[in-house]
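Please model the complete structure; the sequences and the hints are all you need to start from.
Chain order of the listed sequences is Y and Z. Reading the first sequence from the start, the letters are residues 510 to 678 in the numbering used here. Reading the second sequence from the start, the letters are residues 3 to 148 in the numbering used here.
It is worth saying that the hints were derived from the structure and are not from the lab. Think of the CB as a built atom: it goes at the ideal place given N, C-alpha and C, for glycine as much as any other residue. Take the hints with a grain of salt, since some may be wrong.
[What the hints assert, rightly or not] A short list of chain Y residues far from chain Z (calculated; beta carbon distances all over 10 Å):
1) H547
2) L572
3) P589
[Said to hold, decoys possible] With the C-beta cut set under 8 Å, the calculated list includes, among others, these residues of chain Y facing chain Z:
4) S515
5) V640
6) Y643
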Amino acid sequence: MKESCSGELLERFFDGEVTEGERSLVEGHLSYCRTCQHALKSMEGLRHLIKAPVDEVDEKENLYWVWQRIEREIQSREKPPWKEIVWHWLDVTSMLRKRVWVPAAAAIVAILLALAPSLLKKTPSSSDLSVVEYVESQSYNVMVYESEKENVTVIWLLESPEMEGAPQS
Amino acid sequence: MKRISSLSFFAVILLLLSSSVTFAQVQARVRIIEASNEGFAVDPILRDVHSQLGSLFSFTSYRLLKDANLGLVGNRPVEVPVRPGKSVEVTLIGEYKNLVELRIRIKREGVSVLSTHVRLTSERTILIGGPRQGEGTLIFAISARF
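Okay, here's the thing in structure tokens:
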């Protein structure tokens, strides 16, 4: 290349990255500069050398249809069963692996302790209990009468020893 | 983070379930009756009480002063005023499959004159009577439905 030749400008011209002014300048220069003509031909040869095998493959194989096949293959993959989905959601194995079960167990114990009073509460049967568990009065004497026949329990407050309004029997 | 969220979710569900068991509502009926020997009138709505008390007491008249239906929730007392200065307070303190436990307090001027703890099946009525009311006697008929 002569001193007025610019390799960098010629490369950009080759890549189509020059302005209109630069293009005119380079084309004018190429009309008489054999060195630059030769350099440009070398670049074209190199491009052809690289591009030819890619074009050849593209002609032989239709890559668009190859990609279509890949997509279909991905979409047609079988969905995992719902159990596996739930299991994955719970992710129990990784919990065990990472020892998250320690706080989990603590949480369960706390919940059980909170529920213990209602879970362990003894359910009395209706046959072996009295209706009145306790009765207390500071102001009255108290009489309790339970009738199984009438299905009624009476708590009577007695105001005086005379027991006005007290049971007939 | 996802695992902690899952755990929290189950904890909340369990707590909700436990709370729903503990705080199921119970309906209680409180009838406040004035029984006396003045006349022979018996309110039709009190025929069941009259038949239950007739063999025990000599009252000839039964008059309904108040009929209150209460929605009871665990350990929350519900007060029913009777007359100025007199009231009855009912608290649900236990609930089982076939019966409920109630605490009943009769109050005069805010002070408990009677406190009792009873266990009622849905068929059973408890009658608390004795306090004077004018010429008659007050009777509280309390039953529960669940």
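Hint by hint, here is what the structure shows:
no., hint, verdict
1, H547, "holds, 66 Å"
2, L572, "holds, 39 Å"
3, P589, "holds, 18 Å"
4, S515, "violated, 59 Å"
5, V640, "holds, 5 Å"
6, Y643, "holds, 5 Å"
Taken one by one, the earlier hints fail for this structure only at number 4.
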